Amino acid sequence: MGLAKYVVRRIIYMIPLVIGISIVSFFVMYAAGDPIQIATMGNPSITEAQRQFLRNYYGLNDPIPVQYLRWLDHFIHGDFGMSLYGGKPVNQIIGSLFWETSKLQLFSIILAFIIAIPAGVYSAVKQRSVTDYSVTSVSIFGISMPVFWFGIVLILIFSYHLGLLPSAGAHGAPSLWPVFGIRDPFLDELAHLILPATVLIFAGLAWHVRLLRAGMLEVLRQDYIMAARASGISERKILYKYALKNAITPLITLLGLEIGLMIGGAPVTEFVFSWPGLGRAYVTAVSKLDFPLIMGITMIITIMVLIANLITDLAYAWIDPKVRLE
Amino acid sequence: MNILEVEKLKTYFFTEAGVVKALDDISFSIPKGSTLGLVGESGSGKTVTAQSVLRIVPKPGKIVGGSIFFEGEDLLPKKEGEMRKFRGKKISLIFQDPTSSLNPLFTIGEQLGDIVVQHMKLKKSEAKEWVIKTLKLAKLPDPENAIHSYPHQFSGGMKQRICIARALLLSPKLLFADEPTTNLDVTIQAQIIALLKDLQRDLGMTLVMITHDMGIVADMCKWVVVLYAGNVMEIGPIDKIFEEPHPYTEALLKAIPRLDQTKELVFIPGNIPNLIDPPSGCKFHPRCQYAKEICKEKIPSLEDIGDGHFVSCHRWKELNNRG
Ligand SMILES: Nc1ncnc2c1ncn2[C@@H]1O[C@H](COP(=O)(O)OP(=O)(O)OP(=O)(O)O)[C@@H](O)[C@H]1O
Ligand code: SF4
Ligand SMILES: [Mg+2]
Numbered sequence: 001m002g003l004a005k006y007v008v009r010r011i012i013y014m015i016p017l018v019i020g021i022s023i024v025s026f027f028v029m030y031a032a033g034d035p036i037q038i039a040t041m042g043n044p045s046i047t048e049a050q051r052q053f054l055r056n057y058y059g060l061n062d063p064i065p066v067q068y069l070r071w072l073d074h075f076i077h078g079d080f081g082m083s084l085y086g087g088k089p090v091n092q093i094i095g096s097l098f099w100e101t102s103k104l105q106l107f108s109i110i111l112a113f114i115i116a117i118p119a120g121v122y123s124a125v126k127q128r129s130v131t132d133y134s135v136t137s138v139s140i141f142g143i144s145m146p147v148f149w150f151g152i153v154l155i156l157i158f159s160y161h162l163g164l165l166p167s168a169g170a171h172g173a174p175s176l177w178p179v180f181g182i183r184d185p186f187l188d189e190l191a192h193l194i195l196p197a198t199v200l201i202f203a204g205l206a207w208h209v210r211l212l213r214a215g216m217l218e219v220l221r222q223d224y225i226m227a228a229r230a231s232g233i234s235e236r237k238i239l240y241k242y243a244l245k246n247a248i249t250p251l252i253t254l255l256g257l258e259i260g261l262m263i264g265g266a267p268v269t270e271f272v273f274s275w276p277g278l279g280r281a282y283v284t285a286v287s288k289l290d291f292p293l294i295m296g297i298t299m300i301i302t303i304m305v306l307i308a309n310l311i312t313d314l315a316y317a318w319i320d321p322k323v324r325l326e
Numbered sequence: 001m002n003i004l005e006v007e008k009l010k011t012y013f014f015t016e017a018g019v020v021k022a023l024d025d026i027s028f029s030i031p032k033g034s035t036l037g038l039v040g041e042s043g044s045g046k047t048v049t050a051q052s053v054l055r056i057v058p059k060p061g062k063i064v065g066g067s068i069f070f071e072g073e074d075l076l077p078k079k080e081g082e083m084r085k086f087r088g089k090k091i092s093l094i095f096q097d098p099t100s101s102l103n104p105l106f107t108i109g110e111q112l113g114d115i116v117v118q119h120m121k122l123k124k125s126e127a128k129e130w131v132i133k134t135l136k137l138a139k140l141p142d143p144e145n146a147i148h149s150y151p152h153q154f155s156g157g158m159k160q161r162i163c164i165a166r167a168l169l170l171s172p173k174l175l176f177a178d179e180p181t182t183n184l185d186v187t188i189q190a191q192i193i194a195l196l197k198d199l200q201r202d203l204g205m206t207l208v209m210i211t212h213d214m215g216i217v218a219d220m221c222k223w224v225v226v227l228y229a230g231n232v233m234e235i236g237p238i239d240k241i242f243e244e245p246h247p248y249t250e251a252l253l254k255a256i257p258r259l260d261q262t263k264e265l266v267f268i269p270g271n272i273p274n275l276i277d278p279p280s281g282c283k284f285h286p287r288c289q290y291a292k293e294i295c296k297e298k299i300p301s302l303e304d305i306g307d308g309h310f311v312s313c314h315r316w317k318e319l320n321n322r323g
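Residue numbers (the working numbering), protein chains in the order written: chain A, 1 to 326; chain B, 1 to 323.
Take the hints with a grain of salt, since some may be wrong.
Calculated lysine-lysine pairs in the BS3-like style (CA-CA distance at most 25 Å, straight line) [as the list claims (entries may be wrong)]:
1) B:K79 x B:K8
2) B:K136 x B:K124
3) B:K121 x A:K241
4) A:K245 x B:K121
5) A:K237 x B:K292
6) A:K245 x B:K173
7) A:K241 x B:K173
8) B:K173 x B:K197
Derived list of chain B stretches under chain A, where covered just means 3 residues or more per stretch with a C-beta under 8 Å from a C-beta of chain A [stated by the list, open to error]:
9) 44-58
10) 64-76
11) 84-93
What the hints contain is simulated information worked out from the structure, not anything from laboratory work. Since this is a predicted model, take the numbers as computed values, not measurements. Note that CB positions come from ideal geometry on N, CA and C, so glycine has one too.
Could you build the full structure based on these sequences and the hints that come with them?
This is how it looks when you write it as structure tokens:
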């Protein structure tokens, strides 16, 4: 089947999935509680009549299927409605936070992937050596360390004591963060990225390295690797061309999952570094039952997971000639 | 003149269960331009011998002693980078299983072309022509299209032709063919054997046929080296070996597989010994019909009995009325 035709067909198949997930999320969310009750809990002067007024205003008194269809109608037109807090449109909230979260996450995920390749290959080749054990220990350390604790330690060292890097936010405000005395918008963004990205890379690196190491150990035992060696091919080419392509599929799967889930993936890091991101907004929205915002972010995550999944499948077919796109 | 001289070679595998003495002090040589059969049951050390000569013994294996002279040069002290210039160029190896020895994710042209580029420093387009030329030599049909195909698109016999071409790319002087027909259909086996015979003759290569099939040996080889449990049991010209064989070779000869069961392994009563803790004395004694007390106690040495025939057996002379 042609590539374009395959992609179009996969995208068409996504539509019922997206709608199905939206129905389930919608009903589960409504079972969770009454947002007006939560919003007005701390304010004893609000009367029940005023609450009813708010519920009517937001359409929360209509039967749930009616509310869902209204939501769906807006969704199809690209509108997620108004947040119950702050009176801003959900589209606008997501729009401003989406980029900040993607920037931090893509930077960390791709960097972890790039670091994992030599680390995983090397620790497989030097299996059971000091290097292998060091790579393993460092990566296990990364997995097991609580994110908030590691984040706070980094802030204490690099921001508080050394004053090298900013501790909060994605941008310097009111003025740009000086990097070696230079105030430049790009360097400012980079300086803000470093600490939160370090936390995320450490948390994810171990999985990448372990997966690649296991894959490489398996592949390096294969006859075709020995055959390449018997033909005089250089070791570097054997490892990074002939073995890596055979060992990398699990890593591509993980990469696809991480990119698909990246939007909601790092709320703790976003809290620790006061990162203006969607992960943090999502957690806040859920705790306040801000229905339109919850639905908006849920749908963005759903669509991203589905698209990442499609791209992963295309990558498999690109790597392995035996995989057919059907 | 000998193209290869192996002296007191020891290759051990340092496994968790113990040290596997896969090659335990083996010596033999290969006359230039000849076809030599390297025979022995499964696990006797045939593949490890070829791997040792190329110095590609996989972990946890290691060559722990001896020397390997190729055209008079000792290969063992060579640096890895120097050794690489021998692999695939002067000495080649055809693997036991063509399917598992081709990388599934790269086209034939890519895999074979890289070898040419590695040794010859040619441009990609020149390497491509070179690969097509060699595939033709191995009688692969339609090589111009084959180079754009992946291994899974070929049958077993075609894959073996590709593997033969891979081994021949740089016209090696010495070619090891490691049971090149065991994984193929009977009809294809004969074609591959015929191809190897032709190539050996036309290219003037020295060919080492690794096999446990004495029928193939009788058909192709002038010289035979018989391995058992990491030891050389017998070396000699083919007629001597058939006339007055070592007791182990005799058992192998009795077990020449019939055409209708070529996939069956050679069957000799008893099991191949454990190479971590091998039998004392002659390693074959627990299975040898002629074994006596001395066989358990003393390790026999490889003795020259004339005409290029060597045997390692306490009782051979007695059994052949040469005492
Ligand atoms: N990677 C390895 N790890 C441990 N032991 C090994 C390894 N490769 C080979 N050996 C041991 O070395 C011995 C010789 O193996 P080898 O593969 O040379 O046998 P072979 O004569 O080629 O047999 P076959 O006819 O089955 O191919 C065997 O006993 C085997 O257990
Ligand atoms: S030495 Fe003894 S056991 Fe070994 S082959 Fe000769 S007769 Fe048999
Ligand atoms: Mg073998």
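Status of the hints after comparison with the structure:
no., hint, in the structure
1, B:K79 x B:K8, "21 Å, holds"
2, B:K136 x B:K124, "18 Å, holds"
3, B:K121 x A:K241, "18 Å, holds"
4, A:K245 x B:K121, "24 Å, holds"
5, A:K237 x B:K292, "54 Å, violated"
6, A:K245 x B:K173, "32 Å, violated"
7, A:K241 x B:K173, "28 Å, violated"
8, B:K173 x B:K197, "15 Å, holds"
9, 44-58, "holds (count 4)"
10, 64-76, "violated (count 0)"
11, 84-93, "holds (count 8)"
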